[in-house]
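Enquirer: Mind docking chain B on chain A? Use the hints.
In case you want the letters, here they are:
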Amino acid sequence: MVTIENLSNVHLDVLKEIGNIGAGHAATALSQLMSERIEMTVPNVSILTLSKVSDFLGGPEKIVVGIYMKVFGDAPGKIIFLFNYDDAQTLVKIVNSKTLPGDVEIEDLDQSVLQEISNIMTGAYLNAISRLTGLNMLSSVPAYACDMAGAIINSALLDFGMVGDYAMLIDTQFKMTQEKMDGHFFLIPDPGSLQVILEAIGV
Amino acid sequence: MFVDAIQIGMAELKVTQAPEKLASLGLGSCIAVCAYDQAIKVGGLAHVMLPDSSIFRENFNPGKFGDTAVPFLVREMVKLGAIQSRIQVIIVGGAHMFAFKSEDSLLDIGVRNIQSVEEACVKIGIPIVARSVGGKFGRSVLFDLNTGKVYVRTINQGTMELSMG
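Chains as they are written, first to last, in my numbering: chain A, 1 to 203; chain B, 204 to 368.
Okay, chain A solo, but in the shape it has when bound:
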């Protein structure tokens, strides 16, 4: 049984490549939606002890916008988008072609815009992974929160607590070339899905 504690370098490379293919499609989808060039980093597979999870991404109290989706199907898990508050505003502004002053709250309609962007990107991401692995993967409706980064990210990692003291996130950062905007896309496979994904690839 493959667990987070005994992943080999080959396993990590496979997970990175899965993230890469998924994120590539997601970035293309976002780019088409925004008519902007989107750059993305090579995914990082982060394995963290539960007690240190909050320390990455600029600290547990940083105010971020998070969009959370559950993944159902053969390899269940979670997907989270995280944006700095300013970057979430920039994203809404570009899609809506409107000017938001920096200190205005993101309204209900803007939240829907962010949820829909996440939905479209997640669809592209999971579709690409499904085609690659032959696994059936579907996402739930997106849920929105604007709060402390720690509170948002920890809530998605509870399942790891039931099997051990480590959490794993496949993290891809994406940036816009023209505007100053960047965000994180996390795929968080449930602990039991690791083996399923790796077996589907044949490693």
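Wrong hints could be hidden among the right ones.
[Said to hold, decoys possible] Some chain B residues judged to face chain A by a derived CB distance under 10 Å, without partners named:
| # | residue |
| --- | --- |
| 1 | L228 |
| 2 | H250 |
| 3 | M252 |
| 4 | S288 |
[Claimed, not checked] Once the Cα atoms are required to be at most 30 Å apart in a straight line, the calculated DSSO-like pairs of lysine-lysine come out as:
| # | chain 1 | residue 1 | chain 2 | residue 2 |
| --- | --- | --- | --- | --- |
| 5 | B | K224 | A | K52 |
| 6 | B | K339 | A | K52 |
| 7 | B | K352 | A | K52 |
| 8 | A | K93 | A | K70 |
| 9 | B | K217 | B | K326 |
| 10 | B | K282 | A | K52 |
| 11 | A | K70 | B | K339 |
| 12 | A | K180 | A | K93 |
| 13 | B | K224 | A | K62 |
| 14 | B | K282 | B | K224 |
| 15 | A | K16 | A | K52 |
| 16 | A | K62 | B | K326 |
| 17 | A | K52 | B | K244 |
| 18 | B | K339 | B | K282 |
| 19 | A | K175 | A | K93 |
| 20 | B | K244 | B | K326 |
| 21 | A | K52 | B | K217 |
| 22 | B | K282 | B | K352 |
| 23 | B | K224 | B | K326 |
| 24 | A | K180 | A | K70 |
| 25 | A | K62 | B | K339 |
| 26 | A | K93 | B | K339 |
| 27 | B | K352 | B | K224 |
| 28 | A | K62 | B | K352 |
| 29 | A | K16 | A | K180 |
| 30 | A | K62 | A | K93 |
Hints were generated in silico from the structure; no laboratory data involved.
Just so we're clear, the structure is a prediction, and the values are computed from it rather than from any experiment.
Beta carbons: idealized from backbone N, C-alpha and C, even for Gly.
Expert: Showing chain B alone in chain A's frame:
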């Protein structure tokens, strides 16, 4: 002042005495259990992540689960001279960060965490004297072992002070 304190990460637990300060930043559905013996200023904080340890067969960290964190905190405090009948508890956290309309509230981990800590306190007869729990927002907690005061910071409501009884 929150960041200068000893940080208690998810599933961690620490027992110590004045003048130390303990903190957990960015709690979502997790719960900070702050236990205190006012007379000798000994206290502890557990950053509880899940309600129930019974699904766990192997060795695990007692701070992670509500049902094990409370008795473990009390035991460790007694080792430092605390008297069980003097110990009081303040609980903070247990929020529901992402609400899905279709979801059954019985599955809400925040609510179950609150219940499990409450039950564990009742079981060993430790009173919960103050609380800031539930809702849909994150919280940061600072526990000052000099005064027994617990400070709760949220993004929209500023900082609130809770006192041991």
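Enquirer: What hint numbers does the structure not satisfy?
Expert: 4, 16 and 18
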